[in-house]
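Peer 1: This is what each chain is made of:
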Amino acid sequence: MTRIDKWFLYRLKGIYDISKQLHGCKRLEALPEELLRKAKRFGFSDFQIARAIGVEKSMGPQQGMLAVRNMRKNMGIVPYVKQIDTLSGEYQAQANYLYMTYNGSAHDIPFYNDKRSIIVLGSGAYRIGSSVEFDWCGVQALNTVRKEGYRNIMINCNPETVSTDYDVTDRLYFEELTFERVMDVIELENPHGVIVSTGGQIPNNLALKLNAMNVPILGTSAKDIDNAEDREKFSAMLDRIGVDQPEWSELTSMKDIDKFIDRVGFPVLVRPSYVLSGAAMNVCSNREELERFLQLAAEVSKEHPVVVSRFLEDAKEIEMDAVARDGEIIAYAISEHIEFAGVHSGDATIQFPPQKLYVETVKRIKRISRQIAKELNISGPFNIQYLARENDIKVIECNLRASRSFPFVSKVLKINLIEIATKVMLGVPVQAPEKSLFDIDYVGIKASQFSFNRLQKADPVLGVDMASTGEVGCIGDDQRYAILGSMLSVGHRIPEKNILLSTGTAKQKAGMLDAARMLSEKGFNIYATGGTSRYLKENGIPNTRVYWPSDEGQQPQALDMLHNKQIDMVVNIPKDLTQRELTNGYKIRRAAIDLNVPLITNARLASAFINAFCTVDIDDIPIKSWDSFK
Amino acid sequence: MRVSLILADGTCFKGESFGYEQPVSGELVFNTAMTGYPELLTEPASRGQLLVMTYPVIGNYGIQHMDADENGLPTNAESEHAQAYALIVSDYSDFYSHWNAKESLGEWMKREKVTGVKGVDTRELTKHIRDHGTMTAKIMFDGMPKPAEYLYTNMIPEVSCKEPITYNEGAPKRVVLVDCGVKAGVIRCLINEDLTVVRVPWDYDYCNMEFDGLVISDGPGNPSYCSDVVTRLQKFMANSDKPILGIGMGCLLLGLAGGMDTYRLKFGHHSHNQPVILAGTDRCFITMQNHNYAIREASILGQWKVYLKNLNDNSVEGIYHTRHPWVGVMFHSESDRVDTDTRFIYDDFIVKL
Numbered sequence: 001m002t003r004i005d006k007w008f009l010y011r012l013k014g015i016y017d018i019s020k021q022l023h024g025c026k027r028l029e030a031l032p033e034e035l036l037r038k039a040k041r042f043g044f045s046d047f048q049i050a051r052a053i054g055v056e057k058s059m060g061p062q063q064g065m066l067a068v069r070n071m072r073k074n075m076g077i078v079p080y081v082k083q084i085d086t087l088s089g090e091y092q093a094q095a096n097y098l099y100m101t102y103n104g105s106a107h108d109i110p111f112y113n114d115k116r117s118i119i120v121l122g123s124g125a126y127r128i129g130s131s132v133e134f135d136w137c138g139v140q141a142l143n144t145v146r147k148e149g150y151r152n153i154m155i156n157c158n159p160e161t162v163s164t165d166y167d168v169t170d171r172l173y174f175e176e177l178t179f180e181r182v183m184d185v186i187e188l189e190n191p192h193g194v195i196v197s198t199g200g201q202i203p204n205n206l207a208l209k210l211n212a213m214n215v216p217i218l219g220t221s222a223k224d225i226d227n228a229e230d231r232e233k234f235s236a237m238l239d240r241i242g243v244d245q246p247e248w249s250e251l252t253s254m255k256d257i258d259k260f261i262d263r264v265g266f267p268v269l270v271r272p273s274y275v276l277s278g279a280a281m282n283v284c285s286n287r288e289e290l291e292r293f294l295q296l297a298a299e300v301s302k303e304h305p306v307v308v309s310r311f312l313e314d315a316k317e318i319e320m321d322a323v324a325r326d327g328e329i330i331a332y333a334i335s336e337h338i339e340f341a342g343v344h345s346g347d348a349t350i351q352f353p354p355q356k357l358y359v360e361t362v363k364r365i366k367r368i369s370r371q372i373a374k375e376l377n378i379s380g381p382f383n384i385q386y387l388a389r390e391n392d393i394k395v396i397e398c399n400l401r402a403s404r405s406f407p408f409v410s411k412v413l414k415i416n417l418i419e420i421a422t423k424v425m426l427g428v429p430v431q432a433p434e435k436s437l438f439d440i441d442y443v444g445i446k447a448s449q450f451s452f453n454r455l456q457k458a459d460p461v462l463g464v465d466m467a468s469t470g471e472v473g474c475i476g477d478d479q480r481y482a483i484l485g486s487m488l489s490v491g492h493r494i495p496e497k498n499i500l501l502s503t504g505t506a507k508q509k510a511g512m513l514d515a516a517r518m519l520s521e522k523g524f525n526i527y528a529t530g531g532t533s534r535y536l537k538e539n540g541i542p543n544t545r546v547y548w549p550s551d552e553g554q555q556p557q558a559l560d561m562l563h564n565k566q567i568d569m570v571v572n573i574p575k576d577l578t579q580r581e582l583t584n585g586y587k588i589r590r591a592a593i594d595l596n597v598p599l600i601t602n603a604r605l606a607s608a609f610i611n612a613f614c615t616v617d618i619d620d621i622p623i624k625s626w627d628s629f630k
Numbered sequence: 001m002r003v004s005l006i007l008a009d010g011t012c013f014k015g016e017s018f019g020y021e022q023p024v025s026g027e028l029v030f031n032t033a034m035t036g037y038p039e040l041l042t043e044p045a046s047r048g049q050l051l052v053m054t055y056p057v058i059g060n061y062g063i064q065h066m067d068a069d070e071n072g073l074p075t076n077a078e079s080e081h082a083q084a085y086a087l088i089v090s091d092y093s094d095f096y097s098h099w100n101a102k103e104s105l106g107e108w109m110k111r112e113k114v115t116g117v118k119g120v121d122t123r124e125l126t127k128h129i130r131d132h133g134t135m136t137a138k139i140m141f142d143g144m145p146k147p148a149e150y151l152y153t154n155m156i157p158e159v160s161c162k163e164p165i166t167y168n169e170g171a172p173k174r175v176v177l178v179d180c181g182v183k184a185g186v187i188r189c190l191i192n193e194d195l196t197v198v199r200v201p202w203d204y205d206y207c208n209m210e211f212d213g214l215v216i217s218d219g220p221g222n223p224s225y226c227s228d229v230v231t232r233l234q235k236f237m238a239n240s241d242k243p244i245l246g247i248g249m250g251c252l253l254l255g256l257a258g259g260m261d262t263y264r265l266k267f268g269h270h271s272h273n274q275p276v277i278l279a280g281t282d283r284c285f286i287t288m289q290n291h292n293y294a295i296r297e298a299s300i301l302g303q304w305k306v307y308l309k310n311l312n313d314n315s316v317e318g319i320y321h322t323r324h325p326w327v328g329v330m331f332h333s334e335s336d337r338v339d340t341d342t343r344f345i346y347d348d349f350i351v352k353l
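Protein chains in written order, with the working numbering: chain V, 1 to 630; chain D, 1 to 353.
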C-alpha cells in the first residue's frame, strides 16, 4: 500500500517493539542490561529511554537522562568511534570522518588525553535561520585553534558545511549536536576546552548542561550565557544597570496578560525564551490572534516561559556585533536595518557601516553595549539588538555567541571578528584592531534571498518569523551602489516602465511619497490601488488607478495587469491585518511571486531601492574586487 | 545463544548464534561484497572458510529457490550445498524481503549445517585479519564441547564431481573442464557460448580424450596440495598445443605446471571490486575475486609473462604463454550479474578453440 519494502517496515517494527519493552520497565532498576544494550544499538537516546521508563517524569528530563547515562556507563555500554571508510576496512583508512556506534567493540582511532585539543561545536542541519553564516564562524574558529597550536575537533552532523571538509579539522565527528553525543565525544577526547559560541543557537543551548558536567567551556561562562538567554534574568539585569528595554511580562495567566496589554496596548510581541530565527515568535495585534498564538507557543516550549513584550512601531533596528575580553569590548561593528523593526534580522536588509544614525545614537549604543559586556563578563563573541526611535534606545535581546551578521561585518570591516574572539577564548594575547567602522568610506549591504516561488501559496510578506533562505552582501561606494548590487544579486530587476504601488497605511504612504515622485519624474508609469492612487493625486503625482481583486467588475484589475505582464515591479505594503486587506494584498503579492515579477513589501526598502535605481544608472555600477575597497 | 569466536592468536569476539548450532573451526576470511551471500556460501572455493561479511546488513533478501536448471546446474547458487563452514555478520536480518525468496538465511543455514554468528564488530575483526593476516579460528557455543582444530588439507576431493558429466552434447566445439571445485556460473557461461562441456573429476585423466580446449576450474585451499593435477597438466602441455584457461585455483595450478611458485597472500582477495590492470597498458578492470594464494612474480620466467596485475597490492592476477594459447586469471569474469568488462578472457579462449 505504501510501496515501502516490507523489510524496512519490519525494521521499524523492531524499533517499536523495543520501545514497548522499555515502556514495560517501570523503574530504572527493572531495566535489564540486555535490553538497554539492544536499545542503544537500535539508536534510542538516553532521553528516550528515560522517557519510556518514566524516570523523565519522576526525576525531570535532564536528571532522568543522566540516570540512564550513568547506568549504562556502569554496565560498560558506551559507543565506539569508527571511521567512515569506503574500503570496509580492507585497507587502512585515512578518512578523518568519524561516527559513533554501539554496534562495535573497539575504537578505530587512538585518544591522546593530552589536553592539546579544542572541540568546536558546529551549527547542525542547514535550515532557515541557521546555515552557512554559522558555518563560516565555525571554520574561522577551527582555523584559529589550529594556528594557535591546538588540534581542532569539530562535531557537526551536517556534511554540506565547509567545517566538515576533510582538511579543515584534525578530527571530524559527523554526530548530532545533542547533550548525550557531545558528552560522549568530550569524555573520549578529553579536550582542553569546548567552544559553543560559534555554531549558533544549538550549541549555545548546551552550555548550561555541559557546564553542569564540569566541561571546560571556553569564553563567556555558562552562567552568564544563561543570564543573557533567560529573559527574566536578562531583563532584571538591564533594570539593575539602568538600560531601557521594551516593556515586557512573563506569561503566567490570561488575566495577567490582559492587564499588561491594557497598559501597553497592541501590538505585542510574544515569544518563548531561547529562540533563534523567530521560531514560535509572533507579533499579535488583536486579542484573537494573541489567544491563538499563545496556545501554539505553549506547545512549542515547555521548559522555558513565554514572554510578552510591547512591540514598537516605526523604530529602527540596530545590531551590535562585538568581541569582548573579560567584559571589555575589544572589537565591534554596528549595523543598521533598512527596514523598521518588526522584520526578522535574518530577513532584513542590513547596511554596514550605518548611514542614517545619529552620532548620539551610536554613542549611546556603544555605552550600553559596554555596560552589558561588563555586567555579563563577556569573553568572546556577542550580539545585541537594539531599537532606536530618535535617540531613545531600547535593548531587544543579547546573545553571547556569534550572530548571523558576523561574517558580513567581518568581511566589510576586513577584520575577522571570529579570529579575535577565538583568540580571546583561548586566552592568547590579542590586540584591539585600530580600524573602526568610522574609518570606512564605502558601504556594505546585505540583502536577503527568498524562496517564496518554491513555497506554494505562502504569503510573501516578512515578519518576525525568519523566511529567507540565503543572502548576498555587496560593497559599494555609497548606499545606492551597494543596494543596487545586493538587490540585483538576490533576483530583483530594475523595472522598465510600469510600477504597481499599494503602499499601506497613511504613514507608510507618506514615507513612500518621495520615492513615488522620483519614479514619476524618471518617466515611470505608476499604477496604484484606491487609497494610494488618491493620496498620490492629492500630492500631484500622476498615476493610473487599478482595482483590487475584491472590486469585482471594475477595470483595470491589478491582477489582470500582472497576468498580462504589464507590470515590471510591485510594491505592496500590507496595511493592517483585516481579512479584506489580507486577502486582497495576498492575491497581488502571490501573483507577483508566481509570475516572477519583483516584489517589495516594505516601504523603507522600496524607497531605498527606488532612490538607488532612479539616481544611478545600472551601467555606471563599477565592478570592483573586494581588495579594491580599502 | 551466546557464542565466542576465538582466533588462533587468542583474540576473542562475542556474538549470538543465528544458524546451525554447532561449534566449528575453519579459516577466517573476510569478504567486502555488499550482496551475494548465497553465492559466496555455496562457492566451492569458500570450502572450510569462516566467512566474515564486512557489509553490516546480511540476510535482508533471504535465500532464493535453489533448484536445478535444465542442465542440472543449481539455480541461484554456485553449487548444490553450502561450502563455507560459518558466516559471521554484524547485523543479521531474520526478516527478509525479496520477490523470489523462499526462506530466511538462518533457516537455510540450519539445514545446510552452517554456523552463524551475529552481533560481532565485523569492522574490528576485519581490521584484525588485515593487520595480522588470515588465520584459523574456532566458534564455540556456551556449554558445548570445543571443535577440533582446523587443519589445512586438500579439500578439492570434497568439492569435485565424482564422475564425468557432459553438458550441451553435440555443440561444434568441446572443452574439458577439470573440476577442482567449479562454480556453476563457469559451466553456465561455457554452455551459453555453445560449447560442449565435459566436466571431469579433479584427478581424472583427460590426456587421451578428444576435445578442443581445457579449462581448469577454481577451487578451495592451497594449490601445492594438488600435485596430481599439476603433474597431469604438465604431461598434457608437453604434448599438446590446445588452448588452456585456468581460473582462480586453475590459474595457480597452471602456474605451478609452468614452473612458477605460489605464495599465500596476507589476507587474500575477497571482494567484488578488485582493480586489475592489463600489463603494459592503462586498461583497468574491476573484478570479482575470492582467493588466498597468488603466483610469485619473480618466478614467471621464460615464455610465460604477466598478463594482469592487482592495483591494490601489485600481485599477479593473470599469466599467459607467449608461444602457446595458455592463459590463467585469478578473478571471475563469468558472472552475468557482476559485469562483462573482462568477458574477453572467455572470448579469447573460445576464438582459439
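I should point out that these hints are in silico values taken from the structure, not numbers from a laboratory. Mixed in with the good hints, there may be bad ones.
Partial pick of chain V residues on the chain D-facing surface, computed with a CB cut under 7 Å [stated by the list, open to error]:
id, residue
1, THR2
2, LYS6
3, TYR10
4, GLU90
5, ALA93
6, ASN103
7, GLY104
8, ALA106
9, ASN525
10, CYS614
11, ASP617
The C-beta atom is built at its ideal place from N, Cα and C for all residues, glycine as well.
Peer 1: Any hints this thing doesn't respect? Which numbers, in order?
Peer 2: 1, 5, 9, 10 and 11
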